[in-house]
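Undergrad: Now for the letters of each chain:
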Amino acid sequence: MPLVYKELHRLARHYMFRESPGHTLQTSALVNEAYLRLVDAKNVNFKNRAHFFGVSAQLMRQILVDFARSRRSQKRGGDAQVISLEGALMVSPAPRSDLVALDDALKTLASIDPRRSRVVELRFFGGLSVEESAEVLRVSPETVMHDWKLAKAWLLRDLSVAKGKGNDA
Amino acid sequence: MTPEYWERVAQLHRAALQHCETERSGFLSAACGGDEELRGEVESLLAYDKDANGFMEEPALEMVAKQLAEGQASHTHRSGAKLGYFEILEPLGAGGMGEVYRARDSRLNREVALKFLPSMFTDDVERMARFRREAQVLASLNHPNVGSIYGLEEANGVTVLVLELVEGPTLADCIDRGAMPVQQVLEIARQVSDAVAYAHERGVTHRDLKPANIKITNDGTVKVLDFGLAKFLDGPEDPRSDSSVSPVFTHPITLDGLIVGTPAYMSPEQAKGLPADKRADIWAFGVILYELLTGSHLFRRDTASDTLAAVLKDEPDWNKLPQTVRSLVERCLEKDRKRRLRDLGDMHLLLETTPTPARKMPVWVAWSAVAVLLVAAACLALLNFRHKPLAATPVQFQISPSGTMSHGDPFALSPDGRHLAFAATGSDGRVKLWVRDLESLEVRSLSDSYPVSVIRNRVVPPFFWSPDSRFIGFQAGLKLAKIGISGGPAQMLCDVDGTVVGGSWNREDVIVFAENTSGLKQVSAAGGVPTQLTRIDSSRKEVAHVLPSFLPDGNHFLYLRASSNRENSGVYVGALNVRPEEQDSNRLLETTSGPVYVPSSDSGVGQILFLRQGTLMAQPFDGDRMKLLGDPVRVAAQVGSFIDYGFFSASNNGVLAYRSSAGQNYQLTWFDRQGKIVGTVAEPGAYNSMALSPNEKFLAVSRTNPESTANWDVWLLDLVRYTSTRFTYDQVRATFPVWSADGKSIVFGSMRSGKVHLYLKSASVPGDEQLWLKSTDADVYATNWSRDGRFLLYTGENQDTRSDLWLLPLQSDRRPSPLLRTKFNESSGQFSPDGHWIAYTSDESGRDEIYVAEFSSASVEGAWELGNKSLISKGGGSSPKWRGDGRELFYVAADGSLMSVEVKTKKVFEAGAPKRLFQLPAGFLAGDISANGNRFLIGVPAAPGDTTPFTVVLNWPTALEAR
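So the sequences go chain by chain: A and B. Numbering that gives the first Met the number 0 numbers the first residue of the first sequence as 0 and each following residue consecutively. Numbering that gives the first Met the number 0 numbers the first residue of the second sequence as 0 and each following residue consecutively.
No false leads were mixed into what you were given.
Derived pair list, reagent style DSS-like, types lysine-lysine, alpha-carbon separation capped at 27 angstroms:
1. A/Lys106 <-> B/Lys49
2. B/Lys880 <-> B/Lys675
3. B/Lys675 <-> A/Lys106
Partner residues aside, some chain A positions facing chain B, computed with beta carbon under 7 angstroms:
4. Ser69
5. Phe123
6. Gly126
7. His145
It is worth saying that the hints were derived from the structure and are not from the lab. Predicted, not measured: the structure shown is a model, and the values here were computed from it. Ideal placement from N, C-alpha and C gives every residue a C-beta, glycine not left out.
Generate the whole structure from the sequences, applying the supplied hints.
TA: Next comes the structure, spelled out in structure tokens:
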């Protein structure tokens with residue numbers, strides 16, 4: 000976990016201090032850097048490029064979801080300490096940015112549609128472009144585009160419905 | 000929803016999208032052929048399409064980083080909300096550092112500004128720890144032109160800075176309005192420079208001085224805000240400490256990937272990624288002056304890159320400035336910081352109309368006592384120290400290792416105290432030998448990678464310095480080698496067998512090294528064939544001879560003999576050119592860690608540094624007469640060790656470095672009787688003891704705190720709701736929690752009063768801790784509370800009788816009485832559920848075994864005693880635990896197996912033969928068991944990766960004399 004913290008904080012500080020929009024180049028460079036460090040590609044034996052991306056995306060997903068989960072459990076903090084926070088409106092993360100809920104939903108999708116859930120994993124967690132994902136999955140870019148659209152719609156619907164049912168504990 | 004059905008939905012969805020919106024409905028009707036459910040499904044998904052456009056378009060990694068940066072949505076506070084004594088009134092704005100609110104302090108009845116720190120900072124425990132220390136310094140700043148910091152408050156994972164509320168326009172507003180008259184600017188400048196000079200004198204650098212941070216109040220007072228806060232936002236102290244060179248990190252725009260401060264006011268050295276010092280504030284001051292006087296921005300451009308380029312290259316147009324201030328501003332905006340104005344205190348001296356280039360610069364202000372706590376100041380102290388001894392106060396500071404040290408990775412101070420060498424894994428995953436210059440804080444790795452194969456649990460063996468501090472001796476594969484710290488390849492000295500566990504190098508260039516398969520050997524530092532000096536004696540149950548340390552005569556040396564027989568383990572004196580049979584076999588000092596001999600500046604009497612249960616001790620030793628002088632003295636607590644290698648090192652001139660034992664993280668794991676993993680508890684942490692509550696819904700654990708690894712606290716883990724709450728808030732060690740029989744309270748040991756005492760605290764009702772037992776023993780820890788609630792068993796440790804079993808009766812006057820006190824070690828006392836028997840560990844047989852003895856009232860009223868004991872374990876055992884019904888006893892065998900013994904406790908005690916349940920994982924931490932004896936909670940070592948800092952102390956012997 001310390002490595003994740005370090006990398007995420009590196010990135011986060013970047014976002015905190017952006018003064019002007021001309022930072023996108025640095026952003027992607029930083030993201031790539033963080034990505035490589037977190038995934039630590041050197042230690043795994045890769046058969047080919049597609050394999051590498053596939054494994055990295057999975058690893059990244061695991062890392063980020065674990066991270067989000069651990070923070071969530073920290074937030075549901077326990078007994079009153081020295082000062083209590085009364086009457087403050089604590090807003091839990093919106094379903095769209097709740098990584099843990101998203102991961103759960105993605106697992107559900109995977110049970111009926113492994114390929115499309117893979118597309119989400121590659122694109123969202125692995126940061127791959129449409130072309131790169133198409134190469135990894137050995138389908139056409141158009142297929143990836145549609146897979147992506149469909150998966151997003153399904154996930155969004157699943158998350159909205161879950162939130163509506165008050166699933167979030 | 001089957002996959003096949005879903006695929007149909009998918010195909011229809013895709014096809015539908017190929018029709019334009021108006022035609023879609025018609026298409027779907029036809030394609031679904033009346034299957035309303037199918038059509039409904041597709042249309043529902045299509046409905047979410049639009050919304051889904053922006054969904055997940057940003058990679059997860061960025062999303063999480065942004066959430067961290069913005070501190071998440073969970074910190075939206077309503078006005079009227081209360082935070083302890085503060086009532087939130089209205090938001091004042093959000094900056095790079097979190098949201099700011101106006102609030103009322105009900106205690107002092109004044110309005111303040113509350114700055115909520117984003118969770119990103121509060122999560123970074125090292126940073127928070129540094130900041131808390133820093134906050135004390137900042138809070139002490141008291142000057143009319145400096146915005147005060149009142150304090151730092153924390154609650155429920157929310158951290159707020161309480162600041163002086165300053166209202167009024169900022170200088171940024173002033174600049175926007177246009178050029179200001181010179182006199183007004185000078186008045187503002189005077190107040191700002193007063194503030195800056197005041198803070199600089201107290202060792203505080205602003206680092207983010209800019210017009211937005213400076214306000215003018217109603218009565219014309221200029222206040223500089225946020226002094227010293229930017230500092231703790233930085234990355235590691237030494238930006239070059241990360242050896243992996245990546246294009247992003249060496250890009251001049253970012254320091255460690257981060258822009259610290261506002262580019263437009265950043266000094267050239269900051270723009271280049273160098274650490275900022277007070278001179279950066281001077282630069283910013285110059286820019287601000289310029290902008291106030293001209294009413295326009297000086298270096299600010301459209302993009303950050305352009306801005307920083309301007310800072311580095313552009314020369315300001317001096318003609319825009321009035322003559323009187325030109326010299327001052329020029330001096331401030333000197334791009335070479337060595338030539339820049341250093342001290343604003345004499346600002347007015349530079350307002351001459353005819354500046355002379357040969358003017359003498361004001362003398363640099365002296366460091367104050369506060370400043371020595373900062374690493375930069377410590378460097379200065381070291382510089383002084385190198386030339387002559389400092390005043391007799393010990394100076395202490397911390398250094399982070401570069402890369403990650405695994406638990407047990409070695410380190411050593413050079414004899415001249417100028418370098419700290421250590422082994423650590425770099426970011427490329429390879430273990431390297433690093434050398435850190437303690438003055439310049441520069442760090443470099445000695446060779447491409449540590450040329451040693453994986454040995455001894457993957458821990459790098461200890462290495463040693465040459466007496467002239469120029470070389471390091473270490474093991475390279477199956478050879479002993481030396482390498483110069485200024486560079487160059489390693490030279491092989493001789494062959495070795497097994498692991499070289501330490502060595503020592505004398506002034507005649509003779510090296511003594513420990514070969515763990517045979518004993519100590521000597522060899523010439525120029526290389527050659529080694530000769531055997533000592534040989535491991537199995538008749539004395541010796542296991543290893545390790546970690547030699549030369550004495551001043553260069554002929555004798557101290558070393559550790561490790562033996563399974565405690566009587567034989569300890570420090571011995573050896574000599575060069577003597578045959579193994581003739582080496583002295585009288586133990587000098589009892590310890591289980593390798594000794595380090597430290598000579599003193601005045602002849603003869605030096606110190607032997609060694610560990611005693613995690614405490615670093617110094618034993619005065621007459622090196623000439625080979626005699627101990629007096630009792631050992633405590634030097635530092637919570638110093639870690641790996642088997643016999645203690646995490647401490649000393650130079651010959653009073654520098655000491657040590658690391659605490661927070662290294663090993665464990666994952667608390669549930670195992671079943673077959674040894675299968677059936678669950679985990681919480682996340683990995685540096686746990687060291689734990690206890691399940693009687694109802695098994697809670698786990699009390701003692702762990703090192705993330706924010707201060709020298710500090711252990713008890714936490715309560717709710718096993719049902721998966722939450723964890725801190726239970727003790729000591730600044731010192733709080734360990735070995737034990738639950739009361741009714742599950743309502745917890746007893747634990749704490750060192751808060753200097754010695755370990757036992758305290759009781761309620762687990763459910765917030766309240767104070769009661770001091771329960773003040774023991775005269777050096778160390779006490781509770782082990783078990785009888786089920787009937789009448790007694791507490793605890794272990795006491797002292798010099799003479801070592802570990803003993805003690806009893807604390809809970810009902811009467813609570814006078815403790817010793818239950819079993821012998822010269823052997825008795826510990827881990829556990830009552831049987833019916834309270835008539837006690838299981839415990841004792842090493843009276845020469846090694847730890849489990850015994851059960853009857854517990855009864857003695858003939859003497861009010862006293863208790865143990866009856867005859869029965870030996871339960873065979874071949875070694877420790878950590879006994881009863882099953883809830885008293886019919887089974889568990890313990891850990893010497894080989895790390897979990898054992899089970901069926902017992903009968905009806906009238907007479909009977910025990911069956913121990914049965915092996917399963918092998919515990921290597922390096923395990925013993926935990927607790929479920930009452931039904933079906934599940935076992937064990938700490939499994941988690942992956943190593945330790946960034947515990949080194950504590951370096953200068954002049955450490957003087958701290959001892961002061962006591």
